[in-house]
Each structure stands twice: as C-alpha cells, then as structure tokens.
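**Student:** In case you want the letters, here they are:
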Amino acid sequence: MPVSTTPQGAPLWQRRTTRAQWLQYAAWLLGISLFLLCWKVISDNTMWVFVEDAGRQGSDLISRMMPPRWEYASVLWKPMWDTLNIATLGTVLGIAMAFPVAFLAARNTTPHPLVRSLALTVIVSSRSINSLIWAMLLVTILGPGVLAGIIAIALRSIGFVGKLLYEAIEEIHPTPVEAISATGASRLQVMNYGVLPQVMPAFAGISVYRWDINIRESTVLGLVGAGGIGLQLNASINSLAWNQVSVIFVMIFATVLVSEWVSARVRHAII
Amino acid sequence: MSGVDTLARQQGARQGYWRRLPLIDNPRVRWGLVLGGVVYLVLALASVEVNWARVAEGSGRALNFLGAFLQPDFVSRQNDIMAGLLESLTMTLTSTVIGVLLAIPVGLGAARNISPLPIYTVCRAIIAVSRTFQEIIIAILFVVMFGFGPFAGMLTLAFATIGFMAKLLAEDIEDLDWRQVEAVRATGASWWQTMNHAIQPQVMPRLIGLSMYRLDINFRESSVIGIVGAGGIGATLNTSLSRYEYGTSAAILLIIIAIVLMSEYASSYVRRWTQ
Amino acid sequence: MLTLTGVGKRYPTGDRALTDIELSLPKGQVMALIGPSGAGKSTLIRCVNRLVEPTQGSIRLEDAELTTLSGNRLRQARRSMGMIFQEYALVDRLTVMENVLSGQLGYVGFWRSFLRRYPQEAVAEAFRLLERVGLPHAIDKRADALSGGQRQRVGIARALLQSPKLLLVDEPTASLDPKTSRQIMRLIRELCAERELAAIINIHDVALAKQFADRIVGLRAGEIVFDGKPCELTSEILTTIYGEEDWDTSPESAESDDVQTVGDTFTSQPYAAHTQRPLASVASGGAL
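Top to bottom, those sequences are chains Z, W and F. Number 218 in the UniProt record's numbering belongs to position 218 of the first sequence; there are no gaps in the numbering. Number 189 in the UniProt record's numbering belongs to position 189 of the second sequence; there are no gaps in the numbering. Number 259 in the UniProt record's numbering belongs to position 259 of the third sequence; there are no gaps in the numbering.
Because the hints were derived from the structure by calculation, they are not lab data. Treat the hints with care, since some could be wrong.
[To be verified] Chain Z stretches covered by chain W per the calculated footprint, using a threshold of three residues with CB under 8 Å from any CB of chain W:
hint, segment
1, 118–130
2, 156–163
3, 212–219
From the three backbone atoms N, C-alpha and C, an ideal C-beta is built for every residue, glycine too.
Bound conformation, chain Z alone:
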C-alpha cells in the first residue's frame, strides 16, 4: 500500500500511507499541545524569582553540607537497625499476606471469579498507594514509631508481590496441574504439588527484589514519623543541620548499595 506512483509514473515508496501519516502528525500535535498546556499550568504556579535564585541556593546548600559532621554517624546506628527491621519485617509480613492473595487472584487457581476480582482490588489498592501515604495513615492511627513503618511497608508490598506472583501463577504449565488433579488430589494438594513447585523460583526472586526496594523506601518513612533513619533526616533538616544531612545521605547510599548487591547475589543464586 505505501508504494504509490508519482505523476511521472515512477513508483514512490513512503513508509506509511497518507492517512496513517496524517494521524501520526495529529497525534504528535495533540501530544505537544498537551505538554505545553501542562507546562503553562506549572509555570503559573511557580515563583520564578526563586527558580532564578536556584543556582545560588544550590551552591549555598552544598557549602553547608560539605564538611559532613562524621561524628554524627555514631548516633545513626540504632535508626539504621530500625530501618533494616522495618524493611525486613515489613517484607516478611507483606509476603505472608500477598501469597494467598496471589493464588486467589490468578485466573487458573481462583475458586470463583468474584473472589478473583476482590483479590485484584486488594492488589490494585495496595499498589496505587505509596508506602509513605500508608505510613501517614498508620501514624495517625497507631501513633508514630517503627510499628507503623512495618505495617506500611507490608501493605505496600502486598500489591507488588501479589501482582508479580499471580502473573507467574498464570504462566505455569497446565499439564502437571492437570496430571495432579487426575490422581484424585484435593484442591490444596493440587496447589501444593502442581502449582507451588513451578512458581517457587519466581516467588523467591520477587520477594528478594521487593526487600531491596523496601530498604530504599524504609529510609524515608521517618519523614512522616514512621521510624527509622528518616526521623533523624527530618530532625536534621528542620534544624537546618545540613552537615548532618549529608552524613545521613552517605549512610543511605551505602545501605542501598549493599542491599542491592545482596539482592542481586541472592536472585542470581536462585535463578
């Protein structure tokens, strides 16, 4: 179709047909105007004087951060331990809840379509809401502290682990499941023998991956009062102690690098 003939009779090749070409122009035009419109909204809400000042502010910030107050690090060990616990316990709790939800949400293991849509709703709600928002809610309910952080991380992890796991369940080979059902196995036995062994590697990989992400997320939960190193970060920022903030940043950076390395090693070992 894209080959047409010029008035002189020579064949002319175009990548797309004329109509497709026009549609594409229209899409680009629409996209660019939408972008400009959005840009306008943002720029209307921005105090440009502050933005022009940004370079000076930035260099000022760096100069205040620069000799980091290393002795502050000694105060940070306990919050760091708390952060690690929030991430780890939260992941464990989240996985424990995500596991049954995933089985209820997978098309091939769900007992009933209604249960499936309920499980999918749980997964979507958990995924849509950032762990910081969960933490904010839980802090107003449970009060500030590590517990709110753990539950926030757990609630956010349900959706992540649940989604990836139910997708893995839907991708298993159906024949072993069929074979196990044919032996007269009960529903739970079919899950245990036919489904579980097939999704176990994926499950382990997903869990470790989520743990890695949770380490990152738990470093900031303290900003809303949910425990961990974020509390110190918040306090330091509020008291404008930027040379302590830089110490905290270095700590966070190091922790995240280590957790990423651990997670990569473990996932490599599993797969």
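Chain Z is already provided as a structure; the job is to place chains W and F on it using the hints.
**Tutor:** Relative to the frame of chain Z, chains W and F by itself:
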C-alpha cells in the same frame, strides 16, 4: 548430590522409608542459617517498641477511617482536591516527557557496547544517584533550591525518571541483536544512521511501554512529594489527614486508585498497539 | 467395566468435540483410540476422568455414574483411573520419588502430603514400581534431569501408584523416539496384563496401535467410525478414519526398523543397562 549414600537411600525406600533430601546438604550450614534467622527475628521483634495504649486509642480512629471509605467526601474540599489533582497530573505528564527525553542520551551513554568509558562512567553515576535516593529526598533538596510548588516536584520526578528509564534503556541496548547493527553498518551508514535504523527499531517498542509504565509511577509518586511541599495532591492529602478529615482523605485515595487503574488499562492498550 | 452411553461434548465456543459416543470396555482390555488430530481423542479420555466435563450422556465405571460426581466422590473416582500424558506432565522441580508419590494424593490428607509423610507401605510400593519401570537409582533426582523415556516411566509409575482399575493414556509416545516408543508401549501392555487393567490409549501411530492393542477404535470428527480387532483394520477403514491416502505403499515395518537403529544411539544413556533390564525380560517372555 555429593555425600549422599544413594544405595542406602534406595535400601530405605525399599523398606518404605524415604524423606526428601534437604535443600542444603551441609547440616551445619543448614542449622546455622535457621538459627541465624531465628536470632535475627527475635532481636528485631524485641527492638520494635509498641505503645499499646496509643494503639488502642488509635483503633477507634482506624474504624472511623474505614467508615470514611464507605462514605468518601468528595464535595466539601472539592476545590482543593481539584487543584491538587490538576497539579499532580500536569507534573506527571511534563516530568515524564522531560525525563524520558533526557534519559535517552544518558541511556545511550550508559550502554557499554556503544559508548566510551569516560561517558559510560558519568552516565552510570547519574543513574546510581537517581535510583538510590527516594523521590522524596530529592524533592526536599529541590524544594530548598527552587522554592515550594509544582516546579520542584516536576524536576524531582524528571530526575527520578532519568535514572529509571536510562538504566533499563542501557540494559536493552546492551543485549540487543548485534547482527542487525552490523548489517546496517555494513551498508556504510554513519553513527546517526546506525542509531536510527538499527538500534531505534529494536528498543522503541519497549521504550514506549516503559514510558507508559513510568507515567503511571510518576503519578503515584506525585501524590507523595506534596508532603514536603513539592506540589500536587499529596499536599491536600497531608492536610486532610492532619485535620482528621478522613472523608476527604478517603476520597483522595479513591481518586488515586481510580486514576492508577485507568492509566494501567490505558498503558496495556498502548503497549499492545505499539507491538 | 467402563461404559459410555451417548456421551457428547460441546465446547462453549460451539465446537462439537464428541457426538453420541457408545463404548464399553471389559476388564483387562487394552483399547487403542486412533484418529486424526482434532478428532476428539484427548477430549474423550478427559471426559472419563472429568478433566473435561462431558455435556451429554453417561459414563459408568463399575456401576458408579461418573458424570454427576463432585467433591470427595469425584476424588475417589479419579484415583481409580490412572492417567499417562503425552508430555509426561511431571512436576519438573520435584524429585522422581515425589512425582511417583503424588499418585497417592487421592488417598492421603493434605498435611501428610504437604510434609511428604506418606504411609510406609505407599513409599515401599512406590519404590517397587520404580524398580519395575527400571529407575530405582533415580529416586532423588529431579524430574527435569531425566530423559524423555525415563520421564514417561515415572509417569507410568505415578499412574500405577493410584492402584487404578483403568488406565487413560494420552499419546504416550508422541514425544519419544521410535525405539523408546515401542519400549514404553510394551511396558504399558505388560503392566496391564500383570494387573488386569483396562486401558484406553490414544495413539497416532497406527502400526504401534495394531501391534500392542487388543482392540482398535477409530474416531473421526467426534464420532466412532470403526470398532474392531487390529487385524480388521484395513486400508479402506484407515481411509474412512483419516481420509484418502495410499496406505499400502508405506513400508511401515521396514521404515520402523531403519529408525530403530538410529534410536539406539539416541537412547544410549548412562543408565541404559538399568532401563533395559525389565524390558528385556518382557521381550523374552514372548509375543503379547
């Protein structure tokens, strides 16, 4: 299966005794790991301080909040919600566009097979920094630098987008089909022509898919960076929570969930369309 | 023993897979079900153990009506019908022993099976079956470490551990080389004779069907078009089942001998000596 006496196991099985082989051969390592896990769990749980009186007091509030989900209040703070939502959506869109555009050069630079070592190192460093720090930390710094409002939020999200997209793009380029590139080079194509004809067609569908996914993430993130003053629906949510206006909070959360659902649906559609 | 009356299956898409199947299988009879792809062979045997729900008719196994069972009664009925699959359908990440023991799942409770604490006699029987099919050394291997023929033997052991009255066999040889195919068919045949099992075997290979079955049923487009002894299966009947083809010129025997020598090199594995021992005894036991 070293160290396992297969004949003895067969002999046992003949008599009807058979147990699955343990996952880890060495019993010391096995029990060491179990013990380590238990000790960690005990220590970790012991260090969780729970103020049960406060929790009991909060349970009433939890019930109120659950009740609010059944009767979300969209109306009484309608204007705040609309303004916050508009800000969030505009931030999401602009930051994704800018972030993806900037991520392309960084991603090309971070692919070991097409870029020289100094550029590679710099680009990898950008990616590492952007991925390590949570959006909210970046937002704090940008708010200090650029002042309160959606501009700082947009820059935050764009910065986070760069790290995310560039890393995946670089990985894609690193394991793309090199024969196609060579075939195009063999025709005498220049560097730009090679990019355009050999690399772009291979990574484009995934790039579009990832951009859609990132759009989704950026919207979700835009709902939190408002907490530190970087604009968006997060600020509205934060205010409503601190005022204990749970009806409004519930309404905002429901809106967020609905928009994420819609964008997920839309992005799956777009992905099918581009592939 | 097994009686199908007026069995029909229509898929929700509207495709008719089976129409009015009348079939009766006495104890100990090995029946081969032949027919072109899509004729409904797989659907038919899956209707018997209800992996596929028949939409019409009745299926009786020793006076028990199978089509109306549900829950525990269905489990009990299923465990008396062992099934053997084309792609072996083993659970790759479980050990050979666990795969065989899964044949007991219809008999034991959930926690017992979850903790792998099977009754002693079940484990001993599982091991006897593995010895019988020539794989006693493989008990602790993972199923995906075995070759195709070995996996099919594990599948057979699993089906037999159910102490079935009936074997449902779905294309047992479709993924195997010609030599292993014959060994597997011979093994199934012999086990049926030992335990007086009836069997329905779906099979593509007409030569194998003729050689190893007592009775052949031809299925075409969901209907039975032939039911008789292997010797009655003439070229005309093959044409009604499969459609027009010059059946007589295909030198089946010569061809299969040819391939058999090739198959020898395929199956020369470290455990070849073990796997062939029980089969050699069958071969010397005379024609079946």
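**Student:** State for each hint whether it applies.
**Tutor:** Hint check results:
1. 118–130: holds (count 6)
2. 156–163: violated (count 0)
3. 212–219: Result for this restraint: holds, n = 3.
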